[in-house]
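A.B. asks: Given the coordinates of chain A, work out where chain B should sit on it, guided by the hints.
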Amino acid sequence: MLFTLPYPLLTIFLLLFIGGCQPEPYSQGEVLYKYHCENCHMEDGSGLGKLIPHLDSSRLTLSDPAKLVCLIHNGLPVNKLTGQKMPANLKLNEVEMTNLVNFLGSKYAANPQTVIVTDIKKMLAGCQTD
Amino acid sequence: MTNILRFAGLALISFLLLTGCGNEPQRLPYLGNVEIKGADTVYHTVPDITLTDQDSQTYRISTLNNKIILADFFFTSCPSICPKVKKQMLRLYDRYKDDDRVVMISHTIDQRHDSVAVLNRYAHNLGVDTDKWKFVTGEKDSIFYLADRYFVSVIEDPLAPAGFDHSGRIILVDKARRVRGFCEGTDPESVTAFFETVDKLLKDEYQ
Numbered sequence: 001m002l003f004t005l006p007y008p009l010l011t012i013f014l015l016l017f018i019g020g021c022q023p024e025p026y027s028q029g030e031v032l033y034k035y036h037c038e039n040c041h042m043e044d045g046s047g048l049g050k051l052i053p054h055l056d057s058s059r060l061t062l063s064d065p066a067k068l069v070c071l072i073h074n075g076l077p078v079n080k081l082t083g084q085k086m087p088a089n090l091k092l093n094e095v096e097m098t099n100l101v102n103f104l105g106s107k108y109a110a111n112p113q114t115v116i117v118t119d120i121k122k123m124l125a126g127c128q129t130d
Numbered sequence: 001m002t003n004i005l006r007f008a009g010l011a012l013i014s015f016l017l018l019t020g021c022g023n024e025p026q027r028l029p030y031l032g033n034v035e036i037k038g039a040d041t042v043y044h045t046v047p048d049i050t051l052t053d054q055d056s057q058t059y060r061i062s063t064l065n066n067k068i069i070l071a072d073f074f075f076t077s078c079p080s081i082c083p084k085v086k087k088q089m090l091r092l093y094d095r096y097k098d099d100d101r102v103v104m105i106s107h108t109i110d111q112r113h114d115s116v117a118v119l120n121r122y123a124h125n126l127g128v129d130t131d132k133w134k135f136v137t138g139e140k141d142s143i144f145y146l147a148d149r150y151f152v153s154v155i156e157d158p159l160a161p162a163g164f165d166h167s168g169r170i171i172l173v174d175k176a177r178r179v180r181g182f183c184e185g186t187d188p189e190s191v192t193a194f195f196e197t198v199d200k201l202l203k204d205e206y207q
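Quick mapping for you: the protein sequence lines, in order, are chains A and B. All residue numbers for the first sequence refer to the working numbering, where the first residue is 1 and numbers rise by one. All residue numbers for the second sequence refer to the working numbering, where the first residue is 1 and numbers rise by one.
One chain only, chain B, in its complex shape:
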């Protein structure tokens, strides 16, 4: 009898503990510095610079109609990690291509070689819909600053393959241009885990 009571008590406590903690699913963190200014909380955001896409259209990400963004930095003649990252971006593209709440942006870091025409040809040969997945260029300094605010390291280095050293991160940005997550585009497992992060943000942002 005492055994049954003990068991029932334990079960009750476990139940309370589990429901107590599990009720509210945790929101994704806001990456970067957070400042409290009076009553306002100011989050780290990516700058709203002017970008030019593969069709010569210029736009700012604030004009993308409240979409969440999956971004990466690359260049078309990259002999090192870019093809692998693009392969993983393709996995994300396949997963979200019919979801209008998601837009993908690949920024070239080689403005000298990757003209609008080069970006257009690249997108075409990758076989993706450029309404969904944009290939953009811009002022070199702006793009490098943008990369920095996306927490992607990009360095021009004559000793690196083809002159650039950069990380293969894929970054997730919410509707208010706040960085909410990232994965390593060179690691398929990291990208698989990232699917959940993206799904979570979609759920949070479009309740």
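Here chain A stands alone, though its shape is the one from the complex:
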């Protein structure tokens, strides 16, 4: 019976099967988060007092991938109230940025939007650099 199934259908079954095994939809993004963001923003995104914001508190930024991309890329200058700054992440390439933005969106954004690499390229080109 299995052998009589047409190949495209079999492929779909296989994909569904593999997809069903993944616990997180954006696991590459999660790995990138651990490596580039977690030291400051913490595993659960809770940050540190008023020094490092909780990712929940920036739901709007996270809902707008274009803003988020530029924020991650350029970082933030020293905040006069806290003395803290967010470092720039110029080493993240477009594919990594796509994975990271999708992961953050899915986890923290009020209205998550999924992006693809070509979107990210345009967004990065639109970022203002200091």
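It should be emphasised that the hints constitute simulated quantities derived from the structure, not laboratory data. Fair warning: this is a prediction, and the values are worked out from it, not measured in the lab. Errors might be hidden in some of the hints.
Cut-off 27 Å, straight-line C-alpha distance, at most; resulting in silico cross-link-like pairs (DSS-like, lysine-lysine) [to be verified]:
(1) A:80 - B:203
(2) B:84 - A:85
(3) A:50 - B:97
(4) A:121 - A:80
(5) A:80 - A:122
(6) B:84 - A:34
(7) B:84 - B:140
(8) A:34 - A:107
(9) B:175 - A:80
(10) B:132 - A:50
(11) B:97 - B:84
(12) A:50 - A:85
(13) A:85 - B:140
(14) A:91 - A:67
(15) A:122 - A:91
(16) A:50 - B:84
(17) B:97 - B:132
(18) B:132 - B:175
(19) A:91 - B:84
(20) B:200 - B:97
(21) B:132 - B:203
(22) B:175 - A:107
(23) B:200 - A:80
C.D. replies: Below, chain B alone, put in the same frame as chain A:
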């Protein structure tokens, strides 16, 4: 019948063994070199150097009124492990904030950038009571020597993130400035286990 006797004998032996070993709870070790000088035992201690806190108050830890100390070394612009260690220091703070026998001290290793004003702003934004948790600076050489005596490695390294390479240990010191335990501030599980170490010292020191 013989079975019952055998069982009773075994139970008696186990009971004796268990009570024999478990009677006296083990005290925390004294870390570092211990020297015997005549009739005296000299333990490794952390030096009683002058520190300046986030309110410009200078003091020595010997003037802290017999408190036990939880100490770490950090700097406010640290982009690597410090926020994680501070998160764990916050867990310790929450646990002991109403216990007057405990004081917490965070030493900056970046004296050039972390002025008293910078430390004050940092403490304020962390949202902690600075009577309980002090953020201190001091002479650079003294602080680096202090870190060494706390068994915390601190190295100025231009290649490290923001210029310093340091360990994220949180150190427990008793009323006589002897080092009695530590945990890795980057590892939440290590800190959870450390709660017991701190509780044990409190029990030993304030019987």
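A.B. asks: Out of the numbered hints, which ones does the structure contradict?
C.D. replies: Violated: hints 1, 4, 5, 9, 22 and 23.
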